[in-house]
Amino acid sequence: MNPSAQKTLSVKTLQIDGKDVSAREDQTILDVARENGIFIPTLCNLDGLTPIGACRICLVEVKGARRLLPACITQVQDNMEVFTNSETLVKYRKMILELLFAERNHVCSVCVANGHCELQSMAQKLGVDHIRYPYLYPKLSVDASHDRFAADHNRCILCQRCVRVCDEIEGAHTWDTMGRGTSAQVITDLNQPWGTSETCTSCGKCVQVCPTGTLFEKGRASGEMTKREFLPYLTLMREERE
Amino acid sequence: MSKARIATIWLDGCSGCHMSFLDIDERLIELADKIELVYSPLVDAKEYPENVDVVLCEGAVSNEDDLKKILKVRARTKILVSLGDCAVNSNVPSMRNPFGVEAVCHRAYIENAQLNQQIPNQVIPQLLKRARPIHECVKVDVFVPGCPPSADSIYYVVSELLAGRMPDTASKTRFGA
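Order-wise, the sequence lines are chains H and C.
Letter by letter, the first sequence follows residues 1 to 242 of the numbering used here.
Letter by letter, the second sequence follows residues 1001 to 1177 of the numbering used here.
Everything labelled a hint here was simulated from the structure, so no lab data went into it.
One thing to keep in mind: the hints can contain errors.
[What the hints assert, rightly or not] Here are the simulated lysine-lysine pairs, BS3-like style, with alpha carbons at most 27 Å apart:
| id | chain 1 | residue 1 | chain 2 | residue 2 |
| --- | --- | --- | --- | --- |
| 1 | H | Lys125 | C | Lys1139 |
| 2 | H | Lys91 | C | Lys1034 |
| 3 | C | Lys1034 | C | Lys1003 |
| 4 | H | Lys227 | C | Lys1172 |
| 5 | C | Lys1139 | H | Lys94 |
Sequences are here, hints too, so could you generate the full structure?
Next up, the structure:
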């Protein structure tokens, strides 16, 4: 039994998009919205990993708050009034998505993840049909030093799912993040070629959770990198053991 | 009813979008009753005419000639459609952008050439510093992403425009489609 579950949790009531909903006090706005069938777009969030609010696509408006709040890491409060789909939010979400595209070299047509990419499908879902910002066209590397996997930093949106799954689920913490702003990058061990990493167990979890074509299995051609959803199963098995 | 004056142009692209346009098959015959194709790589007009109603533009703006063409096209056209990923986000042509023109030309014409190793500077238009999406150069009215956009989505866009409506492309196509 999970020790935190033994504690009594109080119930909070709040409004999302004018709908009265109730939630456990430890739930986030995103959790409650999903339970109630209210759609909030997400990119970095993944069930089974600690939410970190990295991508900001899930921003919502909360009445009385001076800024927009990421739904994935904002805990519910009594009498909160949340808006998930205002004009402002639609505008900002599109901007955020366009900035992600402008920041790196996302060439969907030749990407291993074409047709299976969460960034690509999110663009379609939010109606982003072109990028209004100047592209940065950074010169980024592809690390193909690992026997089975490769990392193409051109496609990375810094969601840090790889960092989290490697640390929280596999327990190796091979992946981490280096640098700030547009020069931030995910790295293996002490920023060395993936193939030389001593901590990497080659489990491939990072590859499976990557939302784009950044981490992929070698030998996959354009559009061939599909992902398996394994986290819900692992999480369930671990909960049972506890 | 007078026929709509339609044009298509081909900048830095692979012609795949034009192929996809032709893929609308027998619906071309239906379209032919409603449109006059006044300029296109598919017909023999030499000069881009005035008063064009709709132009479908394939390809990124990659060299001086592309830029000259798109400026003229914009000035002479009511509705400019960015057709396909190269036009919309400069796609594959933009993969040279992180390296710079000099390095790319050196790679193509010196390192990888067997004979007459020299970088061309006459007759063919000079490359711009970067391959750019069309909307960075001129105003674009309709975006149709896809590599290439499917025949159905192109037919949908053209039909909507002919009916006087602005097409909603998000439900039909996407980047890389």
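Verification of the supplied hints:
Between Lys125 of chain H and Lys1139 of chain C the alpha-carbon distance is near 24 Å, which keeps this suggested pair within the 27 Å criterion. Distance restraint check for Lys91 of chain H and Lys1034 of chain C: the Cα-Cα separation of roughly 37 Å exceeds the 27 Å cut-off, and the hinted pair is therefore not satisfied. Taking the CA atoms of Lys1034 of chain C and Lys1003 of chain C, the gap is near 5 Å; set against the 27 Å cutoff, the hint holds. For the suggested pair Lys227 of chain H and Lys1172 of chain C, the alpha carbons sit about 24 Å apart, so the restraint of at most 27 Å is met.
Taken as a hint, the Lys1139 of chain C and Lys94 of chain H pair is honoured in the structure, with Cα atoms around 20 Å apart against an allowance of 27 Å.
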